[in-house]
Structures are given as C-alpha cells and as structure tokens.
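Participant: Full structure from sequences and hints, please.
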Amino acid sequence: MIRLEDTSGGTIVSTINRERSRLGSSATGMVLTLIIVANEETQADATAAAITAARSHPMRIVTMVPRPGDPRTRLDADIAVGGEDGPGEVAVLRLRGLLAEHADSVAVPLLLSDTPVVAYWPGLAPAIPADDPIGRHAQRRITNATGALDPMRELLVLKSGYRSGDTDLAWTRLTSWRSVLAAALDHSVADITSVHVAGERGNPSLPLLTSWLRQRLGVPVALECNAGPGVTSVAISAGQIDISIFRGEDSVATMHRTGLPETKVPLPRRDLAALLSEELRRLDPDEAYESAITGVAESECG
770 MIRLEDTSGG TIVSTINRER SRLGSSATGM VLTLIIVANE ETQADATAAA
820 ITAARSHPMR IVTMVPRPGD PRTRLDADIA VGGEDGPGEV AVLRLRGLLA
870 EHADSVAVPL LLSDTPVVAY WPGLAPAIPA DDPIGRHAQR RITNATGALD
920 PMRELLVLKS GYRSGDTDLA WTRLTSWRSV LAAALDHSVA DITSVHVAGE
970 RGNPSLPLLT SWLRQRLGVP VALECNAGPG VTSVAISAGQ IDISIFRGED
1020 SVATMHRTGL PETKVPLPRR DLAALLSEEL RRLDPDEAYE SAITGVAESE
1070 CG
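Residues 770 to 1071, numbered by this note's numbering, are exactly what the sequence shown covers, in order.
You can trust all of the hints, since none of them are fake.
FRET-style restraints, in silico, Cβ to Cβ:
#, residue 1, residue 2, range
1, E870, R1039, 33 to 39 Å
2, R970, R836, 33 to 39 Å
3, F1015, R789, 47 to 53 Å
4, L867, S825, 35 to 41 Å
5, L1052, D919, 25 to 31 Å
6, Q1009, D1040, 38 to 44 Å
7, H1025, R789, 52 to 58 Å
8, D1019, S882, 41 to 47 Å
9, G793, R1050, 26 to 32 Å
10, Q1009, T884, 52 to 58 Å
11, D814, D919, 18 to 24 Å
12, I771, E870, 25 to 31 Å
Calculated directly from the structure, the hints in this document are not laboratory data.
Cβ atoms here follow ideal geometry from the backbone N, Cα and C, with glycine treated the same way.
Facilitator: What follows is the structure, given as structure tokens:
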C-alpha cells in the first residue's frame, strides 16, 4: 500500500503508472473504472467487495470518501496496484474540507481512457444519480437502498429520480428468485389469477419483486410483510394449479406444485462481491429494472 498525503489527482495517476511499470504490467487489460462514493462506515466493505469482483473484471477502483468536516482542505490517498488485491488498481481517496464538494474534479484525472465508468453508492445515494457530478461520468449507476436509514423511502426516491442506466442492489438480490419463478411459470402455467409474496418488513427487494410479477403476469399481487429474512415465499394460483416456493434462512427453497412431488431449489443469499460482479457483467441499461422500479407502488413501501 502506497500512502500519499496532501496530493493531487495527477500525482495519484503518476504513482499508479510508476507502480505498474515497476511491476512490469500495464493498464491495457482494465475493462472499466469503478467509482465508489462512500463514507467511512461503508467504504471498507464496499472497496473489499469491489476488489473481489475485480478478479473477474480487472478494473481501476476509485473509492472517494468525502470528509467535509475536516478543517484542512486536502486530498489523501492509499494506493494498491496488483498483488494480493488482484489484477486491478485500487485508490482510496479522502477528500478533506472544501475539496469534499468537488469530487468530480478529483475523479476526472483518474478515469481510464476509452473504457466505461460505473458509479456505486453503497449507502445514501443522490436523489437523481444520473445528475450527480460523479453520476454524469458513468454509463451505469449502482445504488443500494438497503444501506439507507429508511430503505423503503429510499426506494421511492430512486423511483422518482430514475434515469436509464440506474440499478439497485435490491434488484440484483432478486436474480435467483426471478430465474426460479420464470422457470416455474414456463411449464404450461396458464390462467393465473393471483400471486402472493411474503418477506421481511422494510426490505426494498419486496416491492421490486411485487412490481415485476404484477407487470409480467398482469394479475393482482398481494404483499405480506413478516420477520424474513429477505423474500420468504411466493405463491401463485392458476386455475387448478397452485405453485408455492418457500425459503427459510438457508440457501435452499422448497417448491410445491399441484400434482407433482415437492422439490428443492437452490436460492443462495449472495454476498456483496457477487452482487457487484453480476452488475459489472452488463453495462447496458437494465430494462427489467426500469419496469420494476417505475412500477413500485407507494403503498408497498410503508
């Protein structure tokens, strides 16, 4: 780890390039720049998850930690290139004093040329991520409503401020559920009349799943809140056929379907690194998320 105090964006880039040269490697294999905007409470976990994701997606990770309350205006940086942190580059920047209000000016020199930029807010996100000074540089913008003080209210804020290219990890957490449900519904299920979703109160994945099912199936979807964890069950009524999927605290769900034996279905709870890695695999707008977030009902976020 290389520590720079009272430095500049240009010096940070020069230090990264010099370290690359010393190690006999180059940045030509980098596929993107990931900018993480976090506070001191969230930056360590977010950066560690990004480092793990970088093993599949070599990238430059720039974690920006604004410190507006510091009396001195200056930029400090901790830099790592390759080695135990994987094939990518990591720069954790602390923007102290007035510099905290100019994160975009600090970030611009650190963006890799001719590669996509992804912005990630592990905690509280801007009301309109695409209009944020950092978000304007990014093709994809990842938020984490679960990390907010009031996740359900945060989801409604993100709905109001949605722009193409946004996504939230509450949606990414539903990938396995959506795959299992899509497979179950592909087996000659017609005449669906109702759907019932149950899960943890205050979990923003629930209204997103409810919205997705309502739009996909065109039927009412009831939402029941319980102690969780996460999404606990989905029940579908379709004429003479009932389908129910229940997941407890482990990573395996039980599926019941009229006329068929009970089956076990893998529904793993993935860690932050796996969620980030999934989002970094696709850099085009997520149209399914757009439909889900814009279809969330305020009554489902109470």
